[in-house]
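**Q** Read off the chains here:
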Amino acid sequence: MHLAVSLAQGEAPSGVQADAGLDFSLLARFVQKAEAAGLDMVLLADSAPVAGGDAWSRQVPFEATTLLAALATVTSRIGLVAAASTVAHQPYNLARRFASLDIISHGRAGWNATMVPDPREAANFSRPEGFSRDDFRRRAEEFIGIVQGLWRGWDADALLFDKSGGRFFDPEKMHLLDHKGEFFSVRGPLNVARSPQDTPVLVMSGLSEHDMEIAARFADVILLDEPLDAKADDLKRRALGFGRSPGEIKVLMNVAPGAETAAGPDVIADRLEEPFRSKSCDGFNILMPPVLSVLDDFVGLVLPELRRRGLLRSDYPGATLRSHLGLAGEEEQ
Amino acid sequence: MTAHRRQMKLGAFLWATGHHIAAWRHPQAHVKAGVDIDHYIRLARTAEAAKFDMLFCEDAAGVREADVNIASQTSRSIGFEPISLLAALAVQTSHIGLVSTASTSHNEPYGLARTFLSLDHLSGGRAGWNLVTSASHIEAANFGATGLRPHADRYERAREFAEIVTGLWHGKLDGASGSGHDGQCFSVRDPLDLPRSPQGAPVMVQAGASDVGRDLAARTADVVFTAAQTFEEAKAFYGDLKGRLAAYGRGPDDIKIMPGVAPVVAETESEAREKYEELQELIPDDVGVALLSSYLSISDLSRYPIDGPLPELPASEGMQSRQALVIEQSRRDNLSIRQLARHFAGARGHWRIVGTPAQIADELEARFEGGAADGFNVMPSYFPGELDAFAALVVPELQRRGLFRTEYEGRTSREHLGLKRPA
Ligand SMILES: Cc1cc2nc3c(=O)[nH]c(=O)nc-3n(C[C@H](O)[C@H](O)[C@H](O)COP(=O)(O)O)c2cc1C
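As they're listed, the protein sequences go chains R and S.
Everything in the first sequence is counted per UniProt numbering, starting at 1 for the first residue and increasing by one.
Everything in the second sequence is counted per UniProt numbering, starting at 1 for the first residue and increasing by one.
There could be a bad hint or two in this list.
Below, a list of computed lysine-lysine pairs in the DSS-like style, where the Cα atoms sit at most 25 Å apart [said to hold, decoys possible]:
1) Lys420(S) x Lys242(S)
2) Lys236(R) x Lys279(R)
3) Lys420(S) x Lys172(S)
4) Lys242(S) x Lys173(R)
5) Lys163(R) x Lys173(R)
6) Lys163(R) x Lys32(S)
Simulated from the structure, these hints should not be mistaken for laboratory data.
All chains, please: the whole structure from these sequences, using the hints.
**A** Okay, structure coming up:
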């Protein structure tokens with residue numbers, strides 16, 4: 001079973017004491033604990049101005065990709081996934097940021113591409129009229145394709161570092177993208193080397209029915225709200241249509257066990273075991289406020305129960321996020 | 001040591017394997033710099049231990065050379081994206097400023113303002129943004145099919161961009177109260193969703209030296225990064241820029257002018273010369289000529305005889321100030337294309353000094369005291385060796401002369417630089 005934790009946007013569960021001042025050291029401790037517990041990855045939401053909301057995200061004074069870079073230097077195993085929107089960035093810049101994060105983290109970075117258009121965001125990015133749902137989707141699809149194309153612009157063995165011969169890289173192993181599409185035109189290549197884990201992990205979330213096709217084509221990890229049996233099957237079937245194997249996509253179900261912690265670890269473990277055994281998902285994305293005591297409860301009570309039931313590995317199988325997720329090439333698994 | 005002597009500011013300009021175009025081939029250069037974060041953490045700590053004001057990163061959202069054969073003979077086509085690099089360094093250092101270049105031509109102001117503010121929070125008030133307008137066709141081709149926008153348009157966009165970013169940082173742009181921004185190039189509705197900067201606002205740096213570039217700097221910059229070869233050029237630029245400040249209600253101390261300097265230092269002068277010659281020997285001619293072409297904003301300098309003079313060149317839509325600087329140098333010293341190319345390959349048009357710690361300190365002191373600089377952006381020829389050498393040999397010499405700090409003045413970039421905290 002794969003497990004991720006999300007620093008959730010939303011209210012703290014009642015009765016939970018919020019940690020004072022969400023500074024970097026608190027977030028670092030949170031992620032280090034998640035790493036010590038062997039979780040696959042932490043998902044960092046990116047705050048956006050939510051009308052009238054007093055969301056947790058507002059208390060995180062960081063933009064997600066910069067936060068990821070900082071966290072990468074104080075952890076060594078856990079995967080780090082940052083949300084970044086297709087409206088707030090240009091594909092070249094975003095591909096480059098994540099490629100760089102992947103090298104900084106030695107192959108532990110992922111991009112969570114959310115598919116929910118935020119009209120408020122568009123208004124801050126010189127698009128006061130926003131996007132139609134359909135334009136947003138086609139633009140996002142083109143965007144993601146460019147990003148993944150740029151991530152593959154350098155072959156893994158392109159860099160020669162040949163000082164005496166005077167060749168830094170092999171020109172044959174650098175590829176222009178030369179993309180010309182409906183919304184973007186991008187020459188490439190990226191000026192960041194190939195990822196240590198081949199490409200950063202692409203996580204997709206906030207999917208509507210219409211987005212399933214895009215997710216099946218591009219995503220490594222898909223986050224779905226429950227109930228999801230039919231959707232998970234459907235996604236894997238569609239992936240076959242794009243020449244991918246069903247195992248190349250991991251479907252994680254969003255759960256917010258918050259209030260149930262009081263009900264005891266058995267109840268929560270049952271709730272995770274059932275959909276996992278019935279193969280309707282590959283694991284879970286646990287939504288939790290960035291509060292150490294909430295993580296402590298989950299790690300201290302629920303994880304041992306899952307391990308007792310043989311549902312959870314006890315250590316990281318490799319060094320990269322892809323290897324944690326069972327998505328790495330043969331040489332790394 | 002005099003208590004209140006004006007002291008120079010120093011930036012440690014990080015770039016790939018080094019600033020010399022052939023740096024990566026030097027036996028002591030760390031050739032894997034562009035894929036090794038630990039290397040950068042080490043450089044950052046060296047610079048911080050030497051009390052540098054800031055780490056400075058250049059940027060280009062694209063490879064530098066159009067010709068892949070040329071590119072493959074340099075180390076400049078891969079590296080870290082600087083904002084993520086500095087975010088990683090932010091939590092591995094405690095005092096040094098963190099300045100990254102970012103283009104107004106290939107970003108949107110809201111996103112960039114937010115990202116730099118996040119870097120500022122991660123570092124406890126040590127972030128800075130070096131505003132550039134980007135003069136490269138290769139970069140432009142990564143952001144649309146229409147090519148490089150004309151010089152004047154790029155600066156028009158830059159002016160509006162800077163106004164929005166500072167408005168957001170200073171909390172003066174708030175759509176909720178009806179003062180969102182609706183302009184020629186951009187519209188922004190909301191204030192930023194992050195708390196105010198620990199230093200009031202990240203430091204604004206600017207590089208760009210044409211007439212419009214200087215005006216924009218006089219209006220918005222806290223620090224100006226510039227290139228000058230001779231004392232006279234540097235002094236003229238310094239006087240001109242400081243002279244423009246009054247028009248914007250600012251005083252001469254509100255802006256720190258920090259020209260680039262590429263030192264090659266060793267205990268003895270002959271060792272320093274040897275070190276420099278060793279690097280010069282590693283430059284392939286075609287790489288040198290291609291680099292020179294790019295600074296002249298001309299694509300095909302290689303079709304002129306390499307031992308002949310520089311041809312007449314049309315006015316540029318690219319880097320006007322750097323083109324003028326190169327042409328001026330070629331006339332002044334009567335240099336052939338080959339000589340000019342080799343000269344520029346070492347420091348890309350920046351001032352280079354080769355010598356002992358005392359000689360280098362003398363030169364820096366002369367420009368600093370002579371009204372040509374408030375400090376310098378130091379461009380080591382290769383990493384880590386030449387940064388180590390500057391920190392170990394030149395910094396103590398400057399400190400002995402009372403020209404450079406021995407302790408940081410505070411914790412934020414503005415405190416080190418002696419800049420006012422914005423209201
Ligand atoms: C000292 C200096 C450093 C610069 N560094 C960069 C850089 O790192 N990236 C970039 O895209 N442009 C850089 N530029 C280019 C400027 O932003 C600008 O695009 C160019 O100089 C044209 O403007 P100008 O004619 O006003 O100089 C630099 C310019 C100067 C003078």
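**Q** Lys236(R) and Lys279(R) were given as a pair; does the straight-line alpha-carbon distance stay at or below 25 Å?
**A** holds (12 Å)
**Q** Would the pair Lys163(R) and Lys32(S) pass a check requiring their Cα atoms to be no farther apart than 25 Å?
**A** Answer holds: Lys163(R) to Lys32(S) is near 11 Å, not above 25 Å.
**Q** Please work out if Lys242(S) and Lys173(R) have their alpha carbons no farther apart than 25 Å.
**A** Violated. Lys242(S) to Lys173(R) sits at ~49 Å, over the 25 Å cutoff.
**Q** Are the Cα positions of Lys163(R) and Lys173(R) separated by 25 Å at most?
**A** holds (18 Å)
**Q** Sort out whether Lys242(S) lies within 25 Å of Lys420(S), counting only the CA atoms.
**A** OK: Lys420(S) and Lys242(S) at ~16 Å, within 25 Å.
**Q** Do the alpha carbons of Lys420(S) and Lys172(S) lie within 25 Å of each other, as the hint requires?
**A** holds (18 Å)
In this structure, the one hint that does not hold is number 4.
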